[in-house]
Amino acid sequence: MKLLLLIITILYSVNIRANPMLGLPELAVPAGNPQTEEKIALGKLFFRDARFSADGTISCASCHQETLAFTDGLPTAVGFRHQAGRRNTPTLLNAAFYNTLFLDGRADNLESQALGPLLNPAEHGLKNFDNLLAIVRNDKEYSEPVGKAFGTAADKVTMEHIVKAIAAYERTLIAGDSAFDRYLFAGDKSALTASAERGLTVFQGKGNCVTCHEISWNNALFTDNRFYNIGVGFKRLAPLLDAIRQLAKDGKNPDELPLNAAQRSELGRLNVTKQLADLGRFRTPTLRNIALTAPYMHDGSMKTLAEVIEHYDKGENPAGYTDPKIFPLHLTRQEKQDLVAFMNSLTSRTLPK
18 MKLLLLIITI LYSVNIRANP MLGLPELAVP AGNPQTEEKI ALGKLFFRDA RFSADGTISC
78 ASCHQETLAF TDGLPTAVGF RHQAGRRNTP TLLNAAFYNT LFLDGRADNL ESQALGPLLN
138 PAEHGLKNFD NLLAIVRNDK EYSEPVGKAF GTAADKVTME HIVKAIAAYE RTLIAGDSAF
198 DRYLFAGDKS ALTASAERGL TVFQGKGNCV TCHEISWNNA LFTDNRFYNI GVGFKRLAPL
258 LDAIRQLAKD GKNPDELPLN AAQRSELGRL NVTKQLADLG RFRTPTLRNI ALTAPYMHDG
318 SMKTLAEVIE HYDKGENPAG YTDPKIFPLH LTRQEKQDLV AFMNSLTSRT LPK
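Using this note's numbering, the first residue of the sequence shown is number 18, and each one after it goes up by one.
Derived by calculation from the structure, the hints in this document are not laboratory data. It is possible that part of the hints are untrue.
What the hints assert, rightly or not - Below are the DSSO-like pairs computed for lysine-lysine, each with C-alpha atoms no more than 27 Å apart in a straight line: (1) K144 with K223; (2) K157 with K370; (3) K342 with K252; (4) K291 with K252; (5) K370 with K320; (6) K223 with K206; (7) K353 with K206; (8) K269 with K252; (9) K223 with K320; (10) K61 with K206; (11) K320 with K252; (12) K353 with K320; (13) K252 with K266; (14) K291 with K269; (15) K223 with K353; (16) K342 with K331; (17) K61 with K173; (18) K353 with K331; (19) K61 with K370; (20) K173 with K157; (21) K320 with K342; (22) K144 with K173; (23) K342 with K223; (24) K266 with K342; (25) K144 with K61; (26) K331 with K252; (27) K144 with K291; (28) K291 with K266; (29) K353 with K342; (30) K331 with K320; (31) K157 with K144; (32) K61 with K157; (33) K342 with K291; (34) K353 with K252; (35) K165 with K342.
Model the full assembly from the supplied sequences, consistent with the hints where possible.
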């Protein structure tokens, strides 16, 4: 009996080590775009094709680099003709679990998200999809994979085919199986260091982190998929706050204001909903693999996790718009160090390749 239990334990531990889904919920795949190996392979080709840009230099992989946990390591993205964007590039790891995409939530799924950067003048820079479609339809190297993925000739390819393939590939970018997951969900109490274990206690208690970066009983996405104004970058809007309030009161669109690109970006979720309550709000990012995706915040303004923790510890409320969940925490130096140790424990053992 003891030998049988030992064998079961060994087999279970081997399975856990090989399971990138450990700590993650079941992946929901839309009925209209089922996963197939052929579609995923085609999506990976599209994802890496720099010809999908106005000057042939920018692909999806330019900003979502495999070696940087599918980010670019820059404060804000750099796209077509070396134009600097206004927002930090979010990781694509586990993006398949988000309710909305982009930092302001303007896309509902990975398929619609894939279209946005292509027509953005500061990203891929395309004016329309004509040249992109011509590339796929005329490149003989695409003929066979397109046929295998969709059962159609390459010259019949549409943008719907292209975004479905890209989204299918992105749904394979799954990474659980961190030390935290092995500690909490696999019952390995040796997986966390003493500091990281203390950090988990702070995370769930005094630090108030778990309020937005949620941990469930059987999985943890470390995001509530909601939007908050946490007081970062808001000073760029300070000169216009009275005018923004008045426009909202009059039922008018804030787009009528003479905003520069930086100020328009800081409107956050308001750009999508046109509701004053969403001013400066951005989606809660996942903390999984957070140690690999610096710099931080929607504007890439913080270089280290220690700097992020200092921001939350201060709990400042500029102009009275910061969310009520942001307040002074009064963390000790040790508690701050333990929080960093805990967040380092959220790094997956292996990442998708």
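Right, here's what the structure says about each hint:
1. K144 with K223: violated, 50 Å
2. K157 with K370: holds, 26 Å
3. K342 with K252: With a Cα-Cα distance of about 19 Å, the restraint between K342 and K252 holds, given a limit of 27 Å.
4. K291 with K252: holds, 20 Å
5. K370 with K320: Holds - the C-alpha atoms of K320 and K370 are around 26 Å apart, at most 27 Å.
6. K223 with K206: holds, 22 Å
7. K353 with K206: OK: K353 and K206 at ~22 Å, within 27 Å.
8. K269 with K252: Since the Cα atoms of K269 and K252 sit roughly 23 Å apart, the hinted pair holds (cutoff 27 Å).
9. K223 with K320: holds, 24 Å
10. K61 with K206: With Cα atoms ~38 Å apart, K61 and K206 exceed 27 Å; violated.
11. K320 with K252: Holds, because 19 Å separates the two Cα atoms, which is no more than 27 Å.
12. K353 with K320: holds, 16 Å
13. K252 with K266: holds, 21 Å
14. K291 with K269: Holds: K291 and K269 sit about 9 Å apart, inside 27 Å.
15. K223 with K353: Given pair K223, K353 holds - Cα atoms ~11 Å apart, limit 27 Å.
16. K342 with K331: holds, 12 Å
17. K61 with K173: Distance ~20 Å between K61 and K173 Cα, so the pair holds.
18. K353 with K331: With a Cα-Cα distance of about 12 Å, the restraint between K353 and K331 holds, given a limit of 27 Å.
19. K61 with K370: Holds, at roughly 11 Å.
20. K173 with K157: Distance ~13 Å between K173 and K157 Cα, so the pair holds.
21. K320 with K342: With Cα atoms ~23 Å apart, K320 and K342 stay inside 27 Å; holds.
22. K144 with K173: holds, 21 Å
23. K342 with K223: Distance ~12 Å between K342 and K223 Cα, so the pair holds.
24. K266 with K342: Roughly 25 Å separates the two Cα atoms, so the pair holds.
25. K144 with K61: holds, 23 Å
26. K331 with K252: holds, 16 Å
27. K144 with K291: The given pair, whose Cα atoms are some 26 Å apart, holds under the 27 Å limit.
28. K291 with K266: holds, 12 Å
29. K353 with K342: Cα-Cα ~18 Å, so holds.
30. K331 with K320: Answer holds: K331 to K320 is near 17 Å, not above 27 Å.
31. K157 with K144: holds, 25 Å
32. K61 with K157: Holds: K61 and K157 sit about 17 Å apart, inside 27 Å.
33. K342 with K291: Within the cut-off at roughly 23 Å; holds.
34. K353 with K252: holds, 26 Å
35. K165 with K342: violated, 50 Å
Against the hints set out earlier in the document, violations occur for numbers 1, 10, 35.
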